[in-house]
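Listed in order, the protein sequences are those of chains A and B. All letters in the first sequence, in the order written, are residues 0 to 418 by numbering that gives the first Met the number 0. All letters in the second sequence, in the order written, are residues 0 to 418 by numbering that gives the first Met the number 0.
By construction, these hints were calculated from the structure, which means they are not laboratory data. Treat the hints with care, as some may be off.
No copy labels: a pair is met if it fits in one copy or bridges any two.
[To be verified] Capping the alpha-carbon separation at 20 Å, the derived lysine to aspartate or glutamate pairs in EDC-like fashion look like this:
| hint | residue 1 | residue 2 |
| --- | --- | --- |
| 1 | Lys290 | Asp278 |
| 2 | Lys230 | Asp393 |
| 3 | Lys263 | Glu348 |
| 4 | Lys263 | Glu399 |
| 5 | Lys358 | Glu205 |
| 6 | Lys230 | Glu386 |
| 7 | Lys308 | Asp326 |
| 8 | Lys230 | Glu341 |
| 9 | Lys10 | Asp326 |
| 10 | Lys57 | Glu47 |
| 11 | Lys290 | Glu77 |
| 12 | Lys263 | Glu320 |
| 13 | Lys230 | Glu35 |
| 14 | Lys358 | Glu341 |
| 15 | Lys263 | Glu321 |
| 16 | Lys126 | Glu77 |
| 17 | Lys267 | Glu347 |
| 18 | Lys180 | Glu60 |
| 19 | Lys358 | Asp266 |
| 20 | Lys12 | Glu386 |
| 21 | Lys124 | Asp326 |
There are 2 protein chains.
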Amino acid sequence: MLYERALERLKSKGLNLDINSFLRTFNRISSIGWVESYGSTRLALTNEHIMARRELLKELENIGAKVLFDEAGNIIAEVGSGSRAIAIGSHLDSVPGGGRFDGVFGIIAGLEILRAIVKSSLRLKHKLMLVDFNNEEGSRWNPPLLGSALSVGVYTRDFVYSRLDSNGVTFGEALERSGFKGSAENNLSMNPPRFYIEPHIEQGPELYREGYDIGIPQGIVGLRVLELTFKGRQDHASSHISLRRDPVVGLSKAVLRLREYALKNQDKLRITVGYISVDPGKFNVVPALSKITVDIRSYDSQVIDEATKYTIKVAENIGGEENLSVDYKELWTIPRIVFDPEVTSIIEESCRDLGFKCKRMWSWAGHDAQNMSRITKTAMIFVPSVEGISHSKDEYTREEDLVKGLILLAEVVLRLDEI
Amino acid sequence: MLYERALERLKSKGLNLDINSFLRTFNRISSIGWVESYGSTRLALTNEHIMARRELLKELENIGAKVLFDEAGNIIAEVGSGSRAIAIGSHLDSVPGGGRFDGVFGIIAGLEILRAIVKSSLRLKHKLMLVDFNNEEGSRWNPPLLGSALSVGVYTRDFVYSRLDSNGVTFGEALERSGFKGSAENNLSMNPPRFYIEPHIEQGPELYREGYDIGIPQGIVGLRVLELTFKGRQDHASSHISLRRDPVVGLSKAVLRLREYALKNQDKLRITVGYISVDPGKFNVVPALSKITVDIRSYDSQVIDEATKYTIKVAENIGGEENLSVDYKELWTIPRIVFDPEVTSIIEESCRDLGFKCKRMWSWAGHDAQNMSRITKTAMIFVPSVEGISHSKDEYTREEDLVKGLILLAEVVLRLDEI
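Kindly produce the complete structure, drawing on both the sequences and the hints.
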């Protein structure tokens, strides 16, 4: 196998990665909250998420890591004794019915690097840090990336703690009960690591389809989420079709026009309608209103602005055609992030030396790396995902690719330590 | 006013309708559960519905009516002493955000007839009965018309009692707690009235637009409710548009094709998509599946069968176009009902004699009359609804039209008594 030579090379430098233990730990922790027919569900600070984090804490205890919690309930583990840290991070929470790889891969790869360093005779100049970020997905509390955002100071504590889940539970209440609430002194902004690397599966089919071993994101695309509301007139299912003001027709037209626009522009754009609600939502009532979210992504902020204008124009046109009133609001915008060019170059050189075929690309998904890039030199490492399927039970990365990602991470950590 | 002569005519027969008291009582009881910006919400056996029913019980007590509850929690009130009854019925429950007229008009009109008969010196051959049916709308427990269906024996007690609302509460539990649970001996099937008349607002714009005072339904159209499920592949909002299998696109195409079909056939057909759900319904996740209900109505069962076939064909075509798997199931079918020709003729003659301009038509909405028609001679009386808006806060019937409906009801009761 391609990676056996690379493993030998690391061994000769004094670092002994235990591939079997890495895969076993990955399989064990990624199976928490897994249901065969539905996928993984570990919403932030629910039982499943807490169980997965407790398993992580046991592993960290086994290797003698120092463990802290910060104000956002992020788990921050350290080994080694340098004054500044090389941090590896990701998350253990998932979307409802998500995959086994998103998030968990980065955490377990980081854990294995910490373990290997502790067991080795190497004396690194830097401490090694592993960060398990809280509420990365935003599936329980919106917006996503709450844990990293509070820890680096993007959002205030009051804002983050007051977020409500769909049952009316605040992030602050759930955090208090979970046992992961720590002190503001431990926030990453108080003592930033020198480097931050986030290993992750790709969330598109590029690497897999084009036959690359590794992807190196130049940065993360910008994201804007709009909410469109079509207000019609609630009416009985017996009412004349031509007299209706039906907001279900409005949302349906919007979905199809936005899909067409996104297809035409898919080299530079993604558009997703992931949330729909109709009110009152009864089989025998023409609804009074419908709401959809429109998630717009691009690496080019001008493309996002154009798509936003297009979305609003589409909604207004439909309002005119169907006699609906239309509201739209911007739920949030997260600007494009560009990663540290020095660190991305080191990742690229490491790939070349290890014989891994790599590609520079964009991350179309948000990651905690975008918050970390505000306080430290940040980059990501992507491994291929079969057909690019993600946030799905069908998400799949071959073991071989997970292992290549782990080896690259080790190589990069050793190189960063020398800077 | 047109109706003043008719009132005088009734007075000369010994029946003194109190229009002011009728309108006051209507306004008072129909305002329970009303919110200006949203409409009326009195879901069956919720506090608002129970409050409205208690007000009705007070009114019935004031006129000395004998009041029974049956096994379904229907309120059955009687005045007079004949061996068989002329029944008037409707319901006080509403959809969420419904109007003030649907259901309440029939109950309060019936109440005023009972009151007027009690206060008069008339000795009718028949008892007069008022029935307030439970869970007519089906907004809390599906299917609708549960109260009348149990009372006439269309559904078994076990079926009706085990219906679940969206919070997992059974009809049986809620009925027990409400205080309206009565005995099976009181079910209408045990001692059917001789006639049943249900006064109601029209739920389409026919009478209003064409300038009629009264509508006389020949019967109630048939209804079939289908559930369509589109299963795609849950995916990340970052995934390539052209690789998605997006069930939101599936439902949107279905809505628009069904709307087009319904528009083309609206002289004989209504189709409504009132319920939509997507799972998991997160802004940044392409959903795994979407579900819609398709409510199909026609007075011609062949038209319903054709529309059902068309709906399934549309869904399957979309499945092929979008690489979605498609499931459909029939949630229920309620066949067309034709009302008693003798009673509808009496209503028509009464209109002619009163000088009310009337039209034979179909009811496009279901009513408890369809269950009652199984055990007794049944008909309905429709009053105009402005623009035909119903199940909506904008539902509106002019006072003048409510009063005409009340007067006609009195005239019809007096005529039926003579048969």
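Hint check results:
With identical chains, the CA atoms of lysine 290 and aspartate 278 are at most 20 Å apart both within one copy (9 Å) and between copies (15 Å). For the homomeric pair lysine 230 and aspartate 393, the shortest alpha-carbon distance between copies (13 Å) is at most 20 Å, but the shortest distance inside one copy (36 Å) is not. Taking CA atoms no more than 20 Å apart as the test, lysine 263 paired with glutamate 348 passes in neither setting, with 35 Å inside one copy and 65 Å between copies. In this assembly of identical chains, the alpha carbons of lysine 263 and glutamate 399 never lie at most 20 Å apart, being 35 Å within a copy and 57 Å across copies at closest.
For a Cα distance limit of 20 Å, the shortest separation of lysine 358 from glutamate 205 inside one copy, 9 Å, qualifies, whereas the shortest one across copies, 66 Å, does not. Taking the shortest alpha-carbon separations for lysine 230 and glutamate 386, only the inter-copy value of 18 Å comes in at or below 20 Å, while the best intra-copy value is 38 Å. Taking the shortest alpha-carbon separations for lysine 308 and aspartate 326, only the intra-copy value of 14 Å comes in at or below 20 Å, while the best inter-copy value is 36 Å. Taking the shortest alpha-carbon separations for lysine 230 and glutamate 341, neither the intra-copy value of 51 Å nor the inter-copy value of 44 Å comes in at or below 20 Å.
For a Cα distance limit of 20 Å, the shortest separation of lysine 10 from aspartate 326 qualifies neither inside one copy, at 61 Å, nor across copies, at 55 Å. For the identical chains of this complex, lysine 57 and glutamate 47 are intra-copy neighbours only, at 16 Å inside a copy versus 53 Å across copies, given an alpha-carbon limit of 20 Å. In this homomeric assembly, lysine 290 and glutamate 77 never come within 20 Å of each other (Cα to Cα): the closest approach is 45 Å inside a single copy and 48 Å across copies. In the homo-oligomer, the alpha carbons of lysine 263 and glutamate 320 lie at most 20 Å apart only across protomers (18 Å), although the nearest pairing inside one protomer, at 24 Å, exceeds that limit.
Proximity of lysine 230 to glutamate 35 under the C-alpha cut-off of 20 Å is restricted to the inter-copy arrangement: shortest distance 16 Å between copies versus 39 Å within a copy. In this assembly of identical chains, lysine 358 and glutamate 341 lie within 20 Å of each other by CA distance solely inside one copy; the values are 16 Å within and 83 Å between copies. Proximity of lysine 263 and glutamate 321 under a CA criterion of 20 Å is satisfied inter-copy only: 17 Å between copies versus 25 Å inside one chain copy. Only within a single protomer do lysine 126 and glutamate 77 lie at most 20 Å apart by alpha-carbon distance; the minimum there is 7 Å, versus 87 Å between protomers.
In this assembly of identical chains, lysine 267 and glutamate 347 lie within 20 Å of each other by CA distance neither inside one copy nor across copies; the values are 24 Å within and 68 Å between. With identical chains, the CA atoms of lysine 180 and glutamate 60 are at most 20 Å apart within one copy only, with a shortest distance of 18 Å there and 61 Å across copies. Within a single copy, lysine 358 and aspartate 266 get their C-alpha atoms as close as 16 Å, which meets the 20 Å cut-off; across copies the closest is 61 Å, which misses it. In the homo-oligomer, the alpha carbons of lysine 12 and glutamate 386 never lie at most 20 Å apart, since the shortest distance is 35 Å inside one protomer and 83 Å across protomers.
Within a single copy, lysine 124 and aspartate 326 get their C-alpha atoms no closer than 56 Å, and across copies no closer than 60 Å, so neither meets the 20 Å cut-off.
Hints 3, 4, 8, 9, 11, 17, 20, 21 from the earlier list are contradicted by this structure; the remaining hints agree with it.
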